[in-house]
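What follows is the residue order along each chain.
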Amino acid sequence: MTTIRCDIVSAEAEIFHGEATLVVATGVMGELGIAPRHAPLITRLKPGQVRVHAADGSELFFYVSGGILEVQPQVVTVLADTAMRAADLDEASALKAKQDAEQALANRSDAMELAEAQAQLAQAVAQLQALERLRKQLKH
Amino acid sequence: MANAREIRTKIKSVQNTRKVTRALEMVSASKIRKAQELMRASRPYARLMRQVIGHIARVNTDYKHPFMAARAEVRRVGYLVISTDRGLCGGLNANLFRKMLAEIRAWQGQGVEVEVVAIGQKAIQLFRRIKGVTLTASASHLGERPHVEQLVGVIKVMLDAYSAGRVDRVQLCYNDFVNTMTQNPSSDTLLPLQPGSDLAVTHDWDYLYEPDAPSVLDPVLKRYVESLVYQATLENLASEQAARMVAMKSASDNATKLIDTLTLIYNKARQAAITQEISEIVSGAAAV
Numbered sequence: 001m002t003t004i005r006c007d008i009v010s011a012e013a014e015i016f017h018g019e020a021t022l023v024v025a026t027g028v029m030g031e032l033g034i035a036p037r038h039a040p041l042i043t044r045l046k047p048g049q050v051r052v053h054a055a056d057g058s059e060l061f062f063y064v065s066g067g068i069l070e071v072q073p074q075v076v077t078v079l080a081d082t083a084m085r086a087a088d089l090d091e092a093s094a095l096k097a098k099q100d101a102e103q104a105l106a107n108r109s110d111a112m113e114l115a116e117a118q119a120q121l122a123q124a125v126a127q128l129q130a131l132e133r134l135r136k137q138l139k140h
Numbered sequence: 001m002a003n004a005r006e007i008r009t010k011i012k013s014v015q016n017t018r019k020v021t022r023a024l025e026m027v028s029a030s031k032i033r034k035a036q037e038l039m040r041a042s043r044p045y046a047r048l049m050r051q052v053i054g055h056i057a058r059v060n061t062d063y064k065h066p067f068m069a070a071r072a073e074v075r076r077v078g079y080l081v082i083s084t085d086r087g088l089c090g091g092l093n094a095n096l097f098r099k100m101l102a103e104i105r106a107w108q109g110q111g112v113e114v115e116v117v118a119i120g121q122k123a124i125q126l127f128r129r130i131k132g133v134t135l136t137a138s139a140s141h142l143g144e145r146p147h148v149e150q151l152v153g154v155i156k157v158m159l160d161a162y163s164a165g166r167v168d169r170v171q172l173c174y175n176d177f178v179n180t181m182t183q184n185p186s187s188d189t190l191l192p193l194q195p196g197s198d199l200a201v202t203h204d205w206d207y208l209y210e211p212d213a214p215s216v217l218d219p220v221l222k223r224y225v226e227s228l229v230y231q232a233t234l235e236n237l238a239s240e241q242a243a244r245m246v247a248m249k250s251a252s253d254n255a256t257k258l259i260d261t262l263t264l265i266y267n268k269a270r271q272a273a274i275t276q277e278i279s280e281i282v283s284g285a286a287a288v
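Going line by line, the protein sequences match chains A and B. This note's numbering numbers the first residue of the first sequence as 1 and each following residue consecutively. This note's numbering numbers the first residue of the second sequence as 1 and each following residue consecutively.
Read the hints as simulated data drawn from the structure, not as lab findings. Built from N, CA and C at the ideal position, the CB exists for glycine as well. Careful: at least some of the hints might be erroneous.
Claimed, not checked - Derived pair list, reagent style SDA-like, types lysine to any residue, alpha-carbon separation capped at 25 angstroms:
| # | chain 1 | residue 1 | chain 2 | residue 2 |
| --- | --- | --- | --- | --- |
| 1 | B | LYS222 | B | ARG43 |
| 2 | A | LYS136 | B | ARG18 |
| 3 | B | LYS12 | A | GLN129 |
| 4 | B | LYS222 | B | ASP168 |
| 5 | B | LYS34 | B | ASN179 |
| 6 | B | LYS257 | A | GLU132 |
| 7 | A | LYS136 | B | ALA272 |
| 8 | A | LYS46 | B | LEU228 |
| 9 | B | LYS222 | A | GLN129 |
| 10 | A | LYS96 | B | ASP85 |
| 11 | B | LYS131 | B | HIS147 |
| 12 | B | LYS222 | B | PHE67 |
| 13 | B | LYS257 | B | ALA247 |
| 14 | A | LYS136 | B | SER250 |
| 15 | B | LYS131 | B | THR182 |
| 16 | B | LYS249 | B | SER163 |
| 17 | B | LYS64 | A | VAL28 |
| 18 | B | LYS257 | A | ARG135 |
| 19 | B | LYS268 | A | GLU132 |
| 20 | A | LYS96 | B | SER163 |
| 21 | B | LYS131 | A | ALA94 |
| 22 | A | LYS98 | B | SER30 |
| 23 | B | LYS249 | A | GLU132 |
| 24 | B | LYS12 | B | TYR266 |
| 25 | B | LYS12 | B | SER250 |
| 26 | B | LYS34 | B | GLU280 |
| 27 | B | LYS222 | A | GLU14 |
| 28 | A | LYS136 | B | ALA251 |
| 29 | A | LYS96 | B | ARG5 |
| 30 | B | LYS10 | A | GLU132 |
To be verified - Restraint-style ranges between C-beta atoms, simulated for each label pair:
| # | chain 1 | residue 1 | chain 2 | residue 2 | range |
| --- | --- | --- | --- | --- | --- |
| 31 | A | MET1 | B | VAL74 | 50 to 60 angstroms |
| 32 | A | GLU132 | B | THR182 | 49 to 59 angstroms |
| 33 | B | PRO66 | A | MET1 | 42 to 52 angstroms |
| 34 | B | THR256 | A | PRO47 | 16 to 26 angstroms |
| 35 | B | GLY111 | A | GLN74 | 45 to 55 angstroms |
Using the sequences provided together with the hints, build the complete structure.
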């Protein structure tokens, strides 16, 4: 029986790696069954289940919350998203990142930071000088 | 004995400092292992992603995604900089910023504007002060286990700026983890995507795109950029822990040296005081 290599990975972990006789996934256009020697294909996945008929006859299920499916004649690659992704969710996090930056700019308190840094510097210099004095004392 | 007591308090305080630096050193040592594990876990995705991108770059298609095409004129450059949240990690951030600022000055010298998206407190603190550079978005406090979702926002800001034509080039700056002793500050070009040299070969096949090329390639390339930034974040995290471990180790060693020195001085002072007392008693007795 011919098999096709199947890799399912997410950005943060490897999920599955092995030989399969059939891989079934939910693409944006509908359910796809990938058998060995399928034509090259690339599509987005909808949140749903990926079913892998492993070479040893067992059937495995994986839930993916979206991602990308790439098919080469001998390899199926599922690049799964790690979390729920949707355009409006992405938009919201982009907005948040911008706001964070604006807040950082608004809270700009150069004077205070500078004073703090100078105090630290003065302390460090004083310690260094003390150390140097001790060294000299030791030599005498 | 006033002097001796002073020295004794000084020794105590240095000992306390050493306790702290020792603890930090050990904490970092264990965190490096965790960070390296994360790097290892994310590698399969990056490898397969590169493979898919390699296939895409090779196929014979009429559609060219804007991320793949280099622009003739660069008017504005976007920098995505990854730094640490906390200090006490030696010159890690300083080295990265020095390299980056040199590049930014070079761009500005050519009349190119620069905007920055910062990840990590240290970069935010620096770039909100620097003149002539706009900080457009930021993220911080990713913790020891950064997740892709935490980065999506800042990456999207940059990608949108690139798609809209506001920036013509995106650089990614982070510390590349080589090993515990070495971390390289790096600045890689993120956009336009740099096809590898072997990708120039064109094949006479194409994918079946479902539904069509633009709507498939767009998310693929976005995910690719995200995975690159995520990887860089993990590299930077491992670098941070390694740099902190080394810095704390040398701090502990310095503290030990300082304690030895102070102990010697303390003993000398004590001995001098005793000698003086004896000579006072003896000379007092002789006078009687």
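Verification of the hints:
no. : hint                                     : result
1   : B:LYS222 to B:ARG43                      : 17 angstroms, holds
2   : A:LYS136 to B:ARG18                      : 23 angstroms, holds
3   : B:LYS12 to A:GLN129                      : 19 angstroms, holds
4   : B:LYS222 to B:ASP168                     : 16 angstroms, holds
5   : B:LYS34 to B:ASN179                      : 14 angstroms, holds
6   : B:LYS257 to A:GLU132                     : 13 angstroms, holds
7   : A:LYS136 to B:ALA272                     : 18 angstroms, holds
8   : A:LYS46 to B:LEU228                      : 23 angstroms, holds
9   : B:LYS222 to A:GLN129                     : 53 angstroms, violated
10  : A:LYS96 to B:ASP85                       : 18 angstroms, holds
11  : B:LYS131 to B:HIS147                     : 31 angstroms, violated
12  : B:LYS222 to B:PHE67                      : 9 angstroms, holds
13  : B:LYS257 to B:ALA247                     : 15 angstroms, holds
14  : A:LYS136 to B:SER250                     : 22 angstroms, holds
15  : B:LYS131 to B:THR182                     : 31 angstroms, violated
16  : B:LYS249 to B:SER163                     : 46 angstroms, violated
17  : B:LYS64 to A:VAL28                       : 22 angstroms, holds
18  : B:LYS257 to A:ARG135                     : 11 angstroms, holds
19  : B:LYS268 to A:GLU132                     : 18 angstroms, holds
20  : A:LYS96 to B:SER163                      : 19 angstroms, holds
21  : B:LYS131 to A:ALA94                      : 24 angstroms, holds
22  : A:LYS98 to B:SER30                       : 34 angstroms, violated
23  : B:LYS249 to A:GLU132                     : 21 angstroms, holds
24  : B:LYS12 to B:TYR266                      : 12 angstroms, holds
25  : B:LYS12 to B:SER250                      : 19 angstroms, holds
26  : B:LYS34 to B:GLU280                      : 64 angstroms, violated
27  : B:LYS222 to A:GLU14                      : 20 angstroms, holds
28  : A:LYS136 to B:ALA251                     : 21 angstroms, holds
29  : A:LYS96 to B:ARG5                        : 55 angstroms, violated
30  : B:LYS10 to A:GLU132                      : 15 angstroms, holds
31  : A:MET1 to B:VAL74: 50 to 60 angstroms    : 54 angstroms, holds
32  : A:GLU132 to B:THR182: 49 to 59 angstroms : 31 angstroms, violated
33  : B:PRO66 to A:MET1: 42 to 52 angstroms    : 44 angstroms, holds
34  : B:THR256 to A:PRO47: 16 to 26 angstroms  : 57 angstroms, violated
35  : B:GLY111 to A:GLN74: 45 to 55 angstroms  : 51 angstroms, holds
Going down the numbered hints, you'll see the structure goes against 9, 11, 15, 16, 22, 26, 29, 32, 34, while the others check out.
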